[in-house]
Structures are given as C-alpha cells and as structure tokens.
Amino acid sequence: MFTLKYKDDLFRFILSVFVLSVISIFLIAVAIILYYSYPAIMKYGISFLWVKEWNPPKEIFGALTFIAGTLAVTFIALIFAIPLSFGIGIFLQEYCPHFLRGIFTVIIEILAGIPSVIFGVWGVLVVVPWLRTTVEPFFDKHFSYIPFLRVSENIGYGILAASIVVMFMILPIIASITKDSLASVPKIAKDGALAMGATQLDVIKDVSLPYALNGIYGGIVLGFGRAVGETIAVVLLIGNQAIIPKSLFSVGYTISSLLANTFTFAVINPIYASAEVELALILLLISLIVNIIGRNILDRVIGGKFNRSQFGGG
Amino acid sequence: MKKKSGIKKMLTGLTVALAILALSLAAALSSKVAVAGTITVSGSSMLYPLNSVWAVHYEKTHPNVTVSVASTGSGFGISNAANGNITIGASDAYLTKAFKKRYPNLINIPVALDDAEVIYNLPGIPDSVHLKMTPKLVADIYMGKIKNWNNPIFKKLNPGYKFPNMPIFVIHRADASGTTFDFTSLLTDTSKAWADNIGISLMPDWPVGSGYLGNDAVVAAVKKIPGSIGYAGFGWILEYHVPNAALLNKAGYYVVGSVKTIAAAGNAALSLGDFPADFDKSIVWNIPGKDSYPDSNFEFWMLRKKQPNVATVKSIKELTNWVLGPGQSKKYTVPTGFAALPKAVMPNVRKLLNRVK
Chain X
1 MFTLKYKDDL
11 FRFILSVFVL
21 SVISIFLIAV
31 AIILYYSYPA
41 IMKYGISFLW
51 VKEWNPPKEI
61 FGALTFIAGT
71 LAVTFIALIF
81 AIPLSFGIGI
91 FLQEYCPHFL
101 RGIFTVIIEI
111 LAGIPSVIFG
121 VWGVLVVVPW
131 LRTTVEPFFD
141 KHFSYIPFLR
151 VSENIGYGIL
161 AASIVVMFMI
171 LPIIASITKD
181 SLASVPKIAK
191 DGALAMGATQ
201 LDVIKDVSLP
211 YALNGIYGGI
221 VLGFGRAVGE
231 TIAVVLLIGN
241 QAIIPKSLFS
251 VGYTISSLLA
261 NTFTFAVINP
271 IYASAEVELA
281 LILLLISLIV
291 NIIGRNILDR
301 VIGGKFNRSQ
311 FGGG
Chain H
315 MKKKSGIKKM
325 LTGLTVALAI
335 LALSLAAALS
345 SKVAVAGTIT
355 VSGSSMLYPL
365 NSVWAVHYEK
375 THPNVTVSVA
385 STGSGFGISN
395 AANGNITIGA
405 SDAYLTKAFK
415 KRYPNLINIP
425 VALDDAEVIY
435 NLPGIPDSVH
445 LKMTPKLVAD
455 IYMGKIKNWN
465 NPIFKKLNPG
475 YKFPNMPIFV
485 IHRADASGTT
495 FDFTSLLTDT
505 SKAWADNIGI
515 SLMPDWPVGS
525 GYLGNDAVVA
535 AVKKIPGSIG
545 YAGFGWILEY
555 HVPNAALLNK
565 AGYYVVGSVK
575 TIAAAGNAAL
585 SLGDFPADFD
595 KSIVWNIPGK
605 DSYPDSNFEF
615 WMLRKKQPNV
625 ATVKSIKELT
635 NWVLGPGQSK
645 KYTVPTGFAA
655 LPKAVMPNVR
665 KLLNRVK
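Read top to bottom, the protein sequences are chains X and H. Just so you know, this note's numbering puts 118 at position 118 of the first sequence, and the rest follows in order with no gaps. Just so you know, this note's numbering puts 336 at position 22 of the second sequence, and the rest follows in order with no gaps.
Note that these hints are calculated values from the structure, not bench results. Where hints are given, some of them may not hold.
[Unchecked claim] Here are the simulated EDC-like cross-link-like pairs (lysine to aspartate or glutamate), alpha carbons at most 20 Å apart as the crow flies:
no. : chain 1 : residue 1 : chain 2 : residue 2
1   : H       : K665      : H       : D594
2   : H       : K657      : H       : D592
3   : X       : K52       : H       : D519
4   : X       : K58       : H       : D519
Produce the complete structure using the sequences and hints provided.
What follows is the structure, given as structure tokens:
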C-alpha cells in the first residue's frame, strides 16, 4: 500500500516537472528576449517605435518601417480573407450537403497545417509572375491615378504578393471558427425564425450571424495573430526593401523577414543584435496580446466547443 | 492490479527515457574533447563551394583530420571565429577598422580572389554582348537617379544598340553580403554622392530596389524580371550564364570579370607597393593596368591569434598552408569561380599566419 502510494506521488511529481518545464521554457525565452533587447530599449527609448531610419553601420535603429510593413501585409491579408472565410464558413454550416461537409472540413484543416514555405514557393512560382505580367500592367493602365494602387515597380514581388499568400494561410483559421460559431447558434432560435416564415437567408442574416458574431471576431483576431508573425512565405515574396509602403504594389519589409534575413549577421554588433531582438519583442507582444484576446472571446462565446474543435480534446 | 502494472510500465519507460537523456548529455559534453582532430570552417556563403572542395581533398591526404564546412554568412563567420565557437571563420570582407576594434584577437588571411559583377536583363540586347557601363553610372542607377534604360548615357556608352523605354528595376541583396561589400567599395570609390550618402557596407541602407536572400536569388530575380539590374560574384555568372556588364577601369578600358582579369587586378594592386600588409583593402578602382577588373576582392579566413593549445595551432597552420599551397591549384579554384592568389602575396600571407599562436 505504502509503495503504491509512493509510486503514485512520484509519478505525479514527474509529470508536474514536465509541465513546469514547458512553462519555464516559455518564461526563459521571454526573459532572454527581454535581456537582449534591454540595451536597445535603454539606448533608443520609446522613439524606437516611430523612427524610420534603420542604419546598422551608423547604429541608428528605428522600427517604424518594419512595423508598417508587418501591419500592411497583415491587414491586407485580413481584408481578403474575411469575406472569403465568411462565405466558406456559412456554406459549410448552413448549405453544404451533409456528406460533403466532413470532406470539406478536413480539407480546410489540412490547408491550415501545410508548412508555410510551401505557400511561399507557390507564391514565387505562381503569384509573382501573375502579378508581374497580368495584374500590375492592368492596374498601371487603368488605376494609376489612385495613389495606393499605383504600380511603382512592376516586378511582381511586394506587399500584395505577400498578402495574397498570407491570406491563404489564415483563411482556414477564420473559416473553421466561423463555421464553429455558426454551429453554436441554438437550434431553437433558428427554428423559431423559420416557423415565423423567415427564409434561410433571413435566418442567417438576422439570427445566426448576430449570435455568432463575437466568435467570428475571435477567429479574425486569431487570423491576425497568425498573419502578423508569418515569416518564410513573406521573406520570399515581399521584396525586402526597407521603405514604408505607399501602394498595394510597393515592395516593403516586415519584422519577421528582416530578422530572417539579417539576424545571423546582426550578432556581430551587440547593439545591432539588441535592436533586432527588440523588434522580436514587439512582434512577440503583438502576437501574445492578440492571441490572448482572441482566445478569450472564443472561450466566452463557444466555450467547450471551441476547445474541442481546436485541440482535438474530449 | 491492472492499474499498478500500467504505472510500472510508464515508470520503466520514464527511467529509460531519462537514462537516454543523461547518456546523450554526457556524450555531448565529452564530444568537446573528442573533436580535437576536427576543424570547423563556417561563414561566407560565397566562399562555401571552394571551402567544401578544399575540405574534401584535404581530408583525402590527411585521414586523421576532419574539416567540417558550413555556409552561414560572413557576419556569422567573423563573430563566431572571434568567440571561438568555430576554428576558422570564412568571410568575403576583410576586418575593417570597426571590426578590428571589436575583435582585436582576429587576423584575416586571404585565401583566394573573386569579384562582384553587374548583371542585367534587357530585352533586345543579345546575351553575348557585354554592355559597357561606368561604375559611376551603376552608382547613379543604385541611387535611383537613372531610372530608365532609354537614358541617353546607355546609348552613348554602347553605340549601335537599341535601348527600350523600360524602367530599371534595381535588384540587391537582403542579407549581409561580402559581394555587396565589394560592390559598394567600387561605388564609394567612384561616386562622391554614393560615398557621402551610403558608403561601403555588407548591408547598406538601399535607397531603391528590392532585396533577395543570397547570390543565387539575385541571379534568379534578374533572370526573371525584364529590365532589371543586379550584381553577383563571378562563380554565379559562370554557373548561370546571366549577361554581365563590362566595367570601366581606371586605365580607361572596359573589362569583363574573368579569372584572368581578376588575377590581373590582384597583381596590379600588389605591384603598387602600398597595399596594406594585413590586406584590409578591396581591389577596386585605384589600380592600374588595362586588363584589371575594377571590382575584385580577396576572400578571407578569420583566425584567432591566440589559440587554446599547440595541437590546434599546428592543425590550423597545416590546413592553411595547404590551402595557400596545393589548394591554390586551378583544378580547385577555377571551377568554383575563384582566381588563385597572386604569387607575390605569399610571403606576406605566411608572415600573417605566423601570428597565430
């Protein structure tokens, strides 16, 4: 009896060590990022956030160009992704024949798990040539008077190419959460509306969507969290030029792609490395906050259902 | 009973896992001792192909030595050679004053010659033609001052060819690059505006264009985008047959980069007599000779002056002397896109090598 109890406690202890190790790895990672960014935070202060120049030889470091590029790619990707994912989510939940729903849902989940470099490769092979030979000449011809649609460099690479590819990466997240949110609408509310003579479109518009809206917000926020840190697909497509993009077709630079391109070199100068780590800290904070907000919304709205569908738990 | 045996199994599993972990940790720790016969060469992606060829052939004649080679970028090579993570750092750039100040324990040993060449993609110009360009013109293009191929200066330098009305797309590197260092050295020497605003750098603050990761990506972008201009090392041009420009040199001749013209530039630079003894200078504009290519560059190995023990010093010197001797043979250097070091530098290089103790 004693030995059994003893083993049980030991086992519990070992398991707790494993769990604690995950937490401590996370805390250590955060601590290291804070430690290494500290010199830059002290030297450049809060103005780091709005200084445009990034000049390693002169040790002038400002994050604005990269924050602007990161947000540009993220928001444009969201603008493309939101309507598409809404359509997919509504179709899957409300219109899709039952025997197809499972297949489509699995395909969307697979899409969410494809390594991002594959999307990047597809972007270089398909999206960039398409933009260069078809889309950019078209916009150059017909819309060059609109500043943010001006084609400054007809090379295919740039903010738009990166945004299109990131859109495909966040599409499955938003679509599946939209579907789950719609599924959480009480059947009785929908049946009531139908009984009163509402069409299916009316029910979706006036009952399901308003009810599911908070959950869908949560999905959008999580999509934002994924898009903001996407690295490899963006690095391949954005053009890697440190300018603040003024047009959809402009080249640019994001925080993650700058780090991917230059961090192995930045270690050569401690303050340079520190400035890049501070960029990483900014990215970490953005995605942490966004993820916490997104998960909170989803927990509140769909609760256990969300957890089941996202983590495969019971 | 069933539950108990389950726990027992798990515990046994855990014990085994922990044991494996402990063993591998011990192995990792002890491997520090075991690698005495291993020399790690890491850094420049440009020099990587040549380092690899050298490693393979050196290991053949020195079976007790392992030379492990990696391509991690010149910046990584310099900083990790300085802190002792690797034995030898490979770099396309010499130790500048700033580097020397930060890493006073390093010396740079030249091991080969290469260059940076201007490449372009211009419809209507046959691939076999090397368009003539002056370094100053290239600087103006890379500063966004000359934006279209129909600029009369192209016609003036290259009479007989038709230049289209087509924007120039500037292609540059996104990462820290020794090729960029060499390229910006030439622009700095020949354009005051470039020198004042941008200067020599592994990774300058590019005024215009778009950036790509690595020499290969720059070559690919130039090949894909009509109207583009870029720059790449000789080896890449050799391999991918992308049109390259003939650059004006100081003697007034337009020269295309090749093993012959790079070596000519190296010899001419050394014949001036004022070439620094520790090789901290690019071989760009200010060199005489009608065959001298105006944008050549030494490739370097970074070595720590103070090594941990006599055995390491011996193995480093043996390898480096081999590289400076048999390693300079055409069968290693030319196929990988490099020129051998001029004979005249050897006494100086060996003197440098003696500072490793």
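Original post:
Under the criterion that the straight-line Cα-Cα distance not exceed 20 Å, is the pair K657 of chain H, D592 of chain H satisfied?
Top reply: holds (16 Å)
Original post:
Has the given pair, K58 of chain X with D519 of chain H, been kept, meaning a C-alpha gap of at most 20 Å?
Top reply: Roughly 10 Å separates the two Cα atoms, so the pair holds.
Original post:
Can the restraint linking K52 of chain X and D519 of chain H be considered satisfied, given a maximum Cα separation of 20 Å?
Top reply: Status holds; Cα separation ~12 Å.
Subject >> Holds or violated: K665 of chain H to D594 of chain H, with C-alpha atoms at most 20 Å apart >> reply: holds (15 Å)
When each numbered hint is compared with the structure, no violation occurs for any of them.
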